[in-house]
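**Student:** Residues per chain are reported as follows:
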Amino acid sequence: MSFIYDQPGPRGRRNILIGSVLSVMAIAGVVALALWQFGSHGQLAPEVWAPFTQWAIWKYLLTGLVGTLEVAGIVAVLGSVIGVFLALGRLSHFRPTRWFCTAYIEVARTVPVLLLIYLMLFGLPQLGINVPVLWKLAIPLVFSNSAVFAEIVRAGIKSLPKGQSEAALSLGMSSWQTMFHVVLPQALRNIAPSLLSQFVSLLKDTTLGYIVAFTELLYRGQLLTSYLHQLIPTYIVITLIYLVVSGSLTAIASRLQRRPRRKAAPPTDPLKAPTMGHSAAAIH
Amino acid sequence: MIISPENFQLLLQGLGTTIMIAVIAGIGSILVGVFVTTARVGPIPVLRGAAFAYVQFFINVPLLALLILAVFALPAAGFILPLVPTVTIVLIVYEAAYVAEALRSGVNTVAKGEIEAARALGLTLVQSLRHVIVPQSFRAVVQPIGNVMIALAMNTALAAVVGVLELTSRVNSVNLVYAQPILFYTSAGLVYMAIALVIGVSTGWVERKVAIVR
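In order, the protein sequence lines correspond to chains A and B. Its first residue numbered 1, the first sequence is counted upward by one per residue in the numbering used here. Its first residue numbered 1, the second sequence is counted upward by one per residue in the numbering used here.
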């Protein structure tokens, strides 16, 4: 619990009670006003929401969700692999590699994905390049997300205690062996929650499929509105589906974050032989 | 290729709209974010729960879905506002959740012992916030808030999808005249990069200004 304030005394408890009652009333008032507004425009009528009791409608939307997850999966795999290499490149001792990767990351992080998508839609056909609609969405997303993944991985590598790589090097491992057998495995384990949060963010970005007309959830929702002519229920249902899917991913991410790091021998007891590989994770 | 003055003016107007939306939404989201964070760390359980729900909702829902909901769907329920204010409000409430997350992590960076020491000295909640917690967490959140502001500036491009005539949308329509997509979109990308650079440099400057040399 919060430790910013003391255990409230009798007066504090009374004030908290008054505050609670007032805030419940305020929140209930806002909700009631909103419901009244919806109701007075006939948006709460059963027939408005009736289509969403039919399996066919849900099936139509869930097909869209499958498309969303498909793109998100592709972007996550490609983006994180490219991201790892960009991170290694940015940490490289070879200057041209470092400069190139730094420039790529800084550019890709600060250009709106929408612009990249317009470039794919209108720019590439002019050069005679035409890619399937899935890739018109996936390529811009990979471009920008790989840079974000790279920064997360770089932060993970840099936050690892230096002794880890020094120990590996002193055992005679090459710098590549050190990176791939010692540093990266630990760094990736430490940054797992951030990677998952970034996955949620890219899952949200797949809504840009709405623009390239790729079969994902939001685009399916738009098609559905032109059939049902019920914009409010459709988009509210779409929003809630996104909330459930990415909300559960976020919940996993915060559980990972709260989970205690791998158990390691307590540093005060040198007699108990520590399990070599994982001890640094506990220090971090 | 020479862009005619009228079209150049359209592009500048677009840039003006983008900057206006970004600045208003930036200030608004910081204010709302501070309010949400206060509710989230405060002693009233109802407000804590409401603030948590608020942050979780907006962090897990796509901005584009919210923009479409607000611009195309909500007028059917009588929520009618002009286009640019609607988009700005959606950006404010959306980014405020990210600001609140950044601020909360800032509060968490203040060592527990400092807060306990403040309490042990007899400081009230307001006093310990005013003299101990806020000054220290403010320094820790400058960079994260800057990143949220950069994301906000990038996100203003999504306003083009719902019909706001901002930079991306103007570039798109002017491009129809000249049919030079690669040139136009690349230059627009450079403008967005410049905006991000300005935000990044100024947060770096603020961070150095307020840094405590220990």
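What the hints contain is simulated information worked out from the structure, not anything from laboratory work. No residue lacks a Cβ here, since even glycine has one placed at the ideal position from N, Cα and C. Check each hint, because a few of them may be wrong.
[Claimed, not checked] Stretch by stretch, here's where chain B covers chain A in the computed footprint (C-beta under 8 Å, at least three residues):
#	segment
1	18-26
2	155-166
[To be verified] From the derived model, a few chain A residues whose C-beta atoms are all more than 10 Å from chain B:
#	residue
3	Y5
4	P8
5	E47
6	P112
7	V113
8	A192
9	I211
[Claimed, not checked] Quick partial rundown of chain A residues pointing at chain B, CB under 10 Å, derived from the structure:
#	residue
10	G29
11	V200
12	V245
**Student:** Now, for every hint given, state plainly whether the structure supports it.
**Tutor:** Status of each hint after checking the structure:
1. 18-26: Held - the segment 18-26 of chain A has 4 residues with a Cβ nearer than 8 Å to chain B, which meets the minimum of three.
2. 155-166: violated (count 0)
3. Y5: 5 Å, violated
4. P8: Given a closest Cβ separation of 7 Å, the condition is violated.
5. E47: Label holds. Min Cβ-Cβ 14 Å, cutoff 10 Å.
6. P112: Incorrect as stated: the minimum Cβ-Cβ distance to chain B is 4 Å, not above 10 Å.
7. V113: Per Cβ check, A:V113 is inside 10 Å of chain B; nearest 8 Å; violated.
8. A192: The claim holds: A:A192 sits with its nearest Cβ about 18 Å from chain B, beyond 10 Å.
9. I211: 6 Å, violated
10. G29: This hint is violated: A:G29 lies away from chain B, its Cβ roughly 13 Å from the closest one there, beyond 10 Å.
11. V200: Hint holds; A:V200 Cβ to chain B Cβ min 7 Å, cut 10 Å.
12. V245: 8 Å, holds
Hints 2, 3, 4, 6, 7, 9 and 10, counting from the list given before, are not met by this structure.
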